[in-house]
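J.: Residue numbers (the numbering used here), protein chains in the order written: chain A, 1 to 250; chain B, 251 to 500; chain C, 501 to 750; chain D, 751 to 1000; chain E, 1001 to 1250; chain F, 1251 to 1500.
Derived lysine-lysine pairs resembling DSSO-like cross-links, with alpha carbons at most 30 angstroms apart: (1) B:Lys473 <-> A:Lys223; (2) E:Lys1018 <-> D:Lys973; (3) E:Lys1223 <-> D:Lys768; (4) E:Lys1223 <-> D:Lys973; (5) C:Lys518 <-> C:Lys723; (6) D:Lys768 <-> D:Lys973; (7) F:Lys1473 <-> F:Lys1268; (8) C:Lys723 <-> F:Lys1268; (9) F:Lys1473 <-> C:Lys518; (10) F:Lys1473 <-> C:Lys723; (11) A:Lys223 <-> B:Lys268; (12) B:Lys473 <-> A:Lys18; (13) E:Lys1018 <-> E:Lys1223; (14) A:Lys223 <-> A:Lys18; (15) B:Lys473 <-> B:Lys268.
Simulated from the structure, these hints should not be mistaken for laboratory data.
6 protein chains.
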Amino acid sequence: MGVAVAQGVGNARIDGRKNDELRPVTITPGYLAFAEGSALIEMGMTKVLCSATVDDRVPPFMRGEGKGWVTAEYAMLPRSSGSRIAREGLSGRPRGRTQEIQRLIGRCLRGVTDREALGERAILLDCDVIQADGGTRTAAITGAYVALYQALLGLTRNRLLPSIPLAHRVAAVSVGLVDGDLLLDLCYGEDSRAEVDFNIAMTDAGELVELQGATEGAPFPRKLVEEVLASAELGTAQLFEAQAQAIGSL
Amino acid sequence: MGVAVAQGVGNARIDGRKNDELRPVTITPGYLAFAEGSALIEMGMTKVLCSATVDDRVPPFMRGEGKGWVTAEYAMLPRSSGSRIAREGLSGRPRGRTQEIQRLIGRCLRGVTDREALGERAILLDCDVIQADGGTRTAAITGAYVALYQALLGLTRNRLLPSIPLAHRVAAVSVGLVDGDLLLDLCYGEDSRAEVDFNIAMTDAGELVELQGATEGAPFPRKLVEEVLASAELGTAQLFEAQAQAIGSL
Amino acid sequence: MGVAVAQGVGNARIDGRKNDELRPVTITPGYLAFAEGSALIEMGMTKVLCSATVDDRVPPFMRGEGKGWVTAEYAMLPRSSGSRIAREGLSGRPRGRTQEIQRLIGRCLRGVTDREALGERAILLDCDVIQADGGTRTAAITGAYVALYQALLGLTRNRLLPSIPLAHRVAAVSVGLVDGDLLLDLCYGEDSRAEVDFNIAMTDAGELVELQGATEGAPFPRKLVEEVLASAELGTAQLFEAQAQAIGSL
Amino acid sequence: MGVAVAQGVGNARIDGRKNDELRPVTITPGYLAFAEGSALIEMGMTKVLCSATVDDRVPPFMRGEGKGWVTAEYAMLPRSSGSRIAREGLSGRPRGRTQEIQRLIGRCLRGVTDREALGERAILLDCDVIQADGGTRTAAITGAYVALYQALLGLTRNRLLPSIPLAHRVAAVSVGLVDGDLLLDLCYGEDSRAEVDFNIAMTDAGELVELQGATEGAPFPRKLVEEVLASAELGTAQLFEAQAQAIGSL
Amino acid sequence: MGVAVAQGVGNARIDGRKNDELRPVTITPGYLAFAEGSALIEMGMTKVLCSATVDDRVPPFMRGEGKGWVTAEYAMLPRSSGSRIAREGLSGRPRGRTQEIQRLIGRCLRGVTDREALGERAILLDCDVIQADGGTRTAAITGAYVALYQALLGLTRNRLLPSIPLAHRVAAVSVGLVDGDLLLDLCYGEDSRAEVDFNIAMTDAGELVELQGATEGAPFPRKLVEEVLASAELGTAQLFEAQAQAIGSL
Amino acid sequence: MGVAVAQGVGNARIDGRKNDELRPVTITPGYLAFAEGSALIEMGMTKVLCSATVDDRVPPFMRGEGKGWVTAEYAMLPRSSGSRIAREGLSGRPRGRTQEIQRLIGRCLRGVTDREALGERAILLDCDVIQADGGTRTAAITGAYVALYQALLGLTRNRLLPSIPLAHRVAAVSVGLVDGDLLLDLCYGEDSRAEVDFNIAMTDAGELVELQGATEGAPFPRKLVEEVLASAELGTAQLFEAQAQAIGSL
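My request is simple: use the sequences and hints to build the entire structure.
T.: Listed below in structure tokens is the structure:
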């Protein structure tokens, strides 16, 4: 027997939002003076600083294929959270959660990049969480898109690329089942109580780049997936607007 | 513009299977003499050795809650593949892919375990890939279930538990889009060419425990998800039978 | 034969400052919502985010002595600089420079803390460089003081301490010899050309907490030290004002 | 005063074997489909999976000498034993015992390889213990020989070598002094009680490749060595037969 | 076909010694002022500094058994040899050779220690090679005995032990086959050309504690072992005298 | 309120020295037979073995600049002190103190080296503490100078350099404030009680190469710095004599 999905009127959310309402979103492009691309994204109290570094070589295993590469690293500052998180540098290996997240970010941004058009270049996206109140991995994807865009724009302005090799915009949100309610863009207080947790990355054409749904509690019915995708589509639509504004100012 | 999904008749598969046909499955329970639970699962040429270790303590951060814990480790033998994979022990840190997979396996098995009924015990599931021909993570989930079952059966036989604290069976399969065809249970030759790749873990009640879909190529349409879930339900149905036979012989 | 020290009129500085002029300083106290103490310090383009974490235990080797401990960690975000710096987490050990700096920060803040009055508590100061344009270690000391103050203020407000156990304020600046001119508060463009490089931490009573002078070029005369200390005293006087304003707003 | 060596009739062995009797031996050559050479060796309950990987480069320090190299890695699966052994990947460095064993295996196989005839190629032998009931290092040597042979046979079949550059066969057994009895091929229950423990690697010409004898208890008389060598010669004779059968089927 | 063993008159040795002649041996006991036991052993140009540290706890896995433990660590100073050896601290893990040697030293010293009489104490023997000209591991064993003796003598003088819990003296030498000659106590120039290399640790009662013989070249005949043991007995006899003198002066 | 500096007659020192008196100094050049340069320096009970290794390549980041490099490594033998210090090799990363010291040694020796005249060569100075009774880092600098000199002398004798590219001699001492007395060359018993601790490296022309002053206790007045430098000048004068004697015998 799986989780119960509430029908009808849900419970009030911690911060008074409606179930399918995002937190306030701000994206500050070009936040860092010395990086090829950068953006600070804030979703409520969650703040992630994203930067893009252009390397004119790809990793050894893909040289000579004429295609580019996009990858990501993710980390949390020690006091981004209520209790301090030890730096990974002191233990000598990234945590499993970190690795899982940075692989996710890399896949999502590659999913909208035209790697042939990019040519043999690598873009490394650094996503550093300044403050964490839930949804840091999805905020990182949304913000990294802007940092990536700025770096690629620079390559076109320097006439190293004829046009920006991005087929679509990509943005991501979380959707979770909390006390039987399906909530969009969970803050930490909601996330820690969620029975089912989804992260969805979509394009501005309404297609999917990545879909991850997991339970730490009970299994969930197949039909929940459709509802989750509908909520995610609403959420990402707003994020594409915030990205458009940020990019417009570059 | 996203991936194209073929309509109608698909292409022939590498090994002649139908699009929604599993590879031959064999599960040998109790493969290891010295482990509390174990199973060798073979899906075509893929072979994963799963074992379960019972620890009568949970990790420090969850002591005193009266609940159990289930976790997993995953590794590939160096020559499980066509080209040798360096042992992780020599670099000092598990690779990102490894961490992602072992976290997935852990979540799936926790998703069907009644942790209150298990009590303050930890079960560690080791999944070692003897031979890799695609689908090792999903085979690991399906095989680990049998190892876990055997270990818990031992606890009931030793009167440490009144009954086996598993709410459902769990099994997993991959489904992928290859040249526009949706294929069930990809072998390596198919997996390496897939445009979209899903891993789905379901219960024998037809509910979802984990759902992961990603593209390394182009974005994919929302409606693909429903087709993927239907194919996965067909595939896991057969796996539940193989599990039932394996468990029946213990 | 050592370095030549210019007499009389110096050369113009990169950014038009006078030789003994600081860059514009801003300290934003309480920058992080979830930390016991925090401050963002900006000196020109250099930005360091400092936080303070209170632990009610001291490290094992000093338990039972009735005294507190103050220590620091320091790191640079990968794109704080013009060329990307690899995360230390990936190599498994902090670099020598990092260790040298975090030990310096820790000593300076301990130097103004009344450890008996603090009692058996440890304060960990995290100094993360958001953007680096020279002088990050001295900015970290100056900013960490504010974060430490806020954390200790919290302890007094919670009646865990009767008063704030800080004997003095501490602030730090760099002074360097560049083309024979003694310059205060070097930016990166100056620092990279300096023949002699000093970092000085002083109290608001004009005493020294730490004094480090080194040459990578030629040896320097003893009398240079006095001139350096005079310049540092001018510089720290301004920093104490910025700290006072920041603290006043808490 | 050293150990006492029993004269005349010994005690019965745990599994009823005679003192100079091996456990049942099975070698399955070509166990792995994707490796250049492989063999599963079973000696009683001990099971070791050996594979051989051909690299057409030697390590940097021996390039240009025109000679080949043979080396080995050894590991135990976590549940090969009654109590779980942590993976070495998680601690960041191979244990001392592991290093000692893999160096032993490498030396033994090099001892029968004609390195000039092999040419500038490296063969890496992976020995993974599936199940451990004593004698895993000697089983690994005996099994690795078959994996090595298969890999070299492949090179001759592909006309990369004119003939197989192995001067002899090599096999290894343990001999130990347990309660004053000299026992051949110790199982774990015997090994853990042995006063003196030998591992001997011999060629099919009756010569020695490696001889290691150690006490964790009391010193032992020189004359014991001759008895040990006689027992080892009996044991390896049977192992050469098992190798011959395995190789004959390739 | 194995190695050829010369019959009759051998070749002259590099330094003019006879085949069964040791290099000049000096043992300076109490070389370090701050250690519980120490000795500098010099054999020709080989110099090893040994120290003994007494810990009044044994490792966790052997607590409560009422028995002591003796273990060793071994390292080479970077410029002990003609070409610099990188410090192991920089790579994060001891090399295989290092681990093999320190395990050997530990076994040899345990082999002559009455662990019941020692009681629940651990002695750690540090063997640091100041200069390496062959035979460092055997010199370390011989010197570590003196350091161990001094540390135990201190325990008896402090009335923590009624008598020194050493059943025998232990000393070790190398014996090698070089150009068909069996040579005692190889210097580096000989060792690097040896076809067969033995390390033997014996007691002053003429019994064996450890015997290791290996070939990197061709296999060797069984009868060589007896000759090796005879040579080793000659060599260790002289080492026992040097130990006796060193101990006599404490 | 800072530290109190005693006026007039001080307290007697632990070992009866006057406040500005060095411990007995001995430098044995060429202590190691196999190194390009070496020296054992003893200052009282403190003994540091220094060696110099010549590499005819500089690190990658400075190739092609036509300049040389001088760097250092520092380590303590485990029983150099009264309580054993774990080897850094076992933890996988050099300690902060170690890194701080080896960077200091490197800077000081670079400070007197004419890097253009040295050409594209790197000299690595290894400083291994045999026995530690305070002042190991300053002894290492003074001894490393002799090892460096010997290595460079060898290059001139081999006609690889026309002359020794050292502009000055460099030597270093500690000066500390203990119970209000300013003491030169602190032994461990003094160092552990010092309120303020300076390390000063000077040239034989009386100029400064490095100056480090820190308090773990209270801040100290600016005027103390002049007194410290005067004491250091007295101390280094004697060290330059010891260096001259050592070098004269090469």
